[in-house]
Amino acid sequence: MIVAAFSSAFRIAVGLLLFGLAWDLLVRLLEIPPYMLPGPMRVASAFHERGFFLLEHAALTASETLIGFFFGVLAGSVLAILMWLSPLARRAVLPVVLVTQALPVFAIAPILVLWLGFGLTSKIVMAVLVIFFAVTSAFYDGLRRADSGLADLARLYRLSRFKELLYFRIPAGLPALASGIRIAAVFAPIGAIVGEWVGAKGGLAFIMLQSNARMQTDVMFAALILLALMVLALRFSVDALTRRLVPWQRED
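The sequence shown begins at 1361 in this note's numbering and counts up by one.
For the record, the hints were derived by calculation from the structure and aren't laboratory data. Please note that a few of the clues may not be correct.
Claimed, not checked - Simulated restraints on C-beta separations:
#1 F1466 x L1584: 12 to 20 Å
#2 L1589 x I1392: 18 to 26 Å
#3 L1376 x Y1527: 41 to 49 Å
#4 R1574 x F1412: 12 to 20 Å
#5 A1462 x E1391: 40 to 48 Å
#6 K1561 x L1592: 25 to 33 Å
#7 H1408 x R1603: 34 to 42 Å
Cβ coordinates follow ideal geometry from the N, Cα and C atoms, glycine included.
Work the whole structure out from these sequences, hints included.
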């Protein structure tokens, strides 16, 4: 596992280095003005000069993302179990879930900011709304698609739905839940960023908006790179955790 993690980190580092070289070459060859596309050295200089300021706001976005991710996964898992346990609950809840996903996130965000304020809560709720459907959908499918032979055995022994869920439905659905969690890890920052974009007192999106208004493109790109690194770190951390959750699942 350590060798695989090192190999993965090495590939990412090489990819980022090649991307930085191509970026610098593009800026130099096309003579792009810095206010349109700053070179990587300008962005590195901006991060060096304002690193603490950027990291302080990145910590706020990270906290919104992580808390929203936790509650989104929890809400999605509980909702999937509830939908499997009760057909009545499924018929009542599923339309509401679908409506929340059909509405554009930018349409919901101003309402949440109006109701919950400019603080942390509205960003967390936004992150939950963005990711919980992926977890609910994946886990519910996993619960439904458990081995039919085991389902027949459960009916033969007259197990209650709760015992059936506990004994083999949840273990059988864990790989699907792991897939839903991996998807949620990628989309979790979107909710926080959209919430900050609509209205916030801080965070990476707040910095990007302020920098764009002041034509500080290098600072905006520094915040954007921090956000990308945050998404990568969250995704790889979730990959490691889900491998422990379903150690029997084969990895390609």
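Taking the hints in turn, this is what the structure says about them:
| no. | hint | result |
| --- | --- | --- |
| 1 | F1466 x L1584: 12 to 20 Å | holds (19 Å) |
| 2 | L1589 x I1392: 18 to 26 Å | holds (23 Å) |
| 3 | L1376 x Y1527: 41 to 49 Å | holds (46 Å) |
| 4 | R1574 x F1412: 12 to 20 Å | holds (19 Å) |
| 5 | A1462 x E1391: 40 to 48 Å | holds (45 Å) |
| 6 | K1561 x L1592: 25 to 33 Å | holds (26 Å) |
| 7 | H1408 x R1603: 34 to 42 Å | holds (36 Å) |
In the structure shown, no violation is registered for any of the earlier numbered hints.
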